Amino acid sequence: MSSFGEMFGKLLHATGQSRAAKTVEIYGWLIFAEGILIFLFPEHVALLLRFGPLDHDGLMFFRLAGLLAAGIGMLYFVSGRMNAEGFVFATLLDRPLVPPIIAVLWYSGKLPGSLALLFAVQELVSFSGTLLTWRAELRRML
1 MSSFGEMFGK LLHATGQSRA AKTVEIYGWL IFAEGILIFL FPEHVALLLR FGPLDHDGLM
61 FFRLAGLLAA GIGMLYFVSG RMNAEGFVFA TLLDRPLVPP IIAVLWYSGK LPGSLALLFA
121 VQELVSFSGT LLTWRAELRR ML
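Its first residue numbered 1, the sequence shown is counted upward by one per residue in the numbering used here.
Because the hints were derived from the structure by calculation, they are not lab data. It cannot be assumed that every hint is accurate.
[Unchecked claim] Label-pair restraints from in silico Cβ distances: (1) Leu49 <-> Met1: 36 to 46 Å; (2) Leu132 <-> Ala14: 16 to 26 Å; (3) Gln17 <-> Leu68: 18 to 28 Å; (4) His56 <-> Thr15: 42 to 52 Å; (5) Gln17 <-> Ser128: 16 to 26 Å; (6) Pro53 <-> Ala136: 41 to 51 Å; (7) Ala103 <-> Leu54: 30 to 40 Å.
Keep in mind that this is a model prediction, so the values were computed, not measured. Ideal placement from N, C-alpha and C gives every residue a C-beta, glycine not left out.
Model the full structure from these sequences, guided by the hints.
Dropping the structure here:
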């Protein structure tokens with residue numbers, strides 16, 4: 001097992017990173033940034049997404065959701081940066097599940113259409129990019 005310093009060095013200088021891992025890293029940075037924006041500016045993001053007015057508790061829960069999203073984004077960008085092949089594969093299993101779940105939440109009235117569309121498109125595009133890149137890398141190796 002590598003030391004903390006060695007791992008941190010790999011985090012700063014991604015050497016030998018596959019293209020599929022790079023797509024996961026980029027997606028992670030996007031989710032991280034979205035989470036930070038929600039955490040820091042919940043009123044503005046809620047307005048942009050056309051949410052109804054949020055009371056104090058609603059804003060705090062929205063901030064908490066932003067913090068959780070930023071944490072997930074960090075897992076993605078660190079794993080992508082570290083070229084964690086298992087994590088890249090896990091994202092190919094995980095991300096296709098999001099759009100159907102989002103559709104059910106939207107259909108049942110639990111999620112606004114703007115947010116549902118944003119998440120569904122983002123997940124499908126990022127999943128497709130990672131899958132196509134991963135398959136191209138596999139073909140090159142054969």
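Verification of the supplied hints:
no.: 1; hint: Leu49 <-> Met1: 36 to 46 Å; verdict: holds (42 Å)
no.: 2; hint: Leu132 <-> Ala14: 16 to 26 Å; verdict: holds (21 Å)
no.: 3; hint: Gln17 <-> Leu68: 18 to 28 Å; verdict: holds (26 Å)
no.: 4; hint: His56 <-> Thr15: 42 to 52 Å; verdict: holds (47 Å)
no.: 5; hint: Gln17 <-> Ser128: 16 to 26 Å; verdict: holds (20 Å)
no.: 6; hint: Pro53 <-> Ala136: 41 to 51 Å; verdict: holds (47 Å)
no.: 7; hint: Ala103 <-> Leu54: 30 to 40 Å; verdict: violated (24 Å)
Hint 7 from the list above is the single one not met by this structure.
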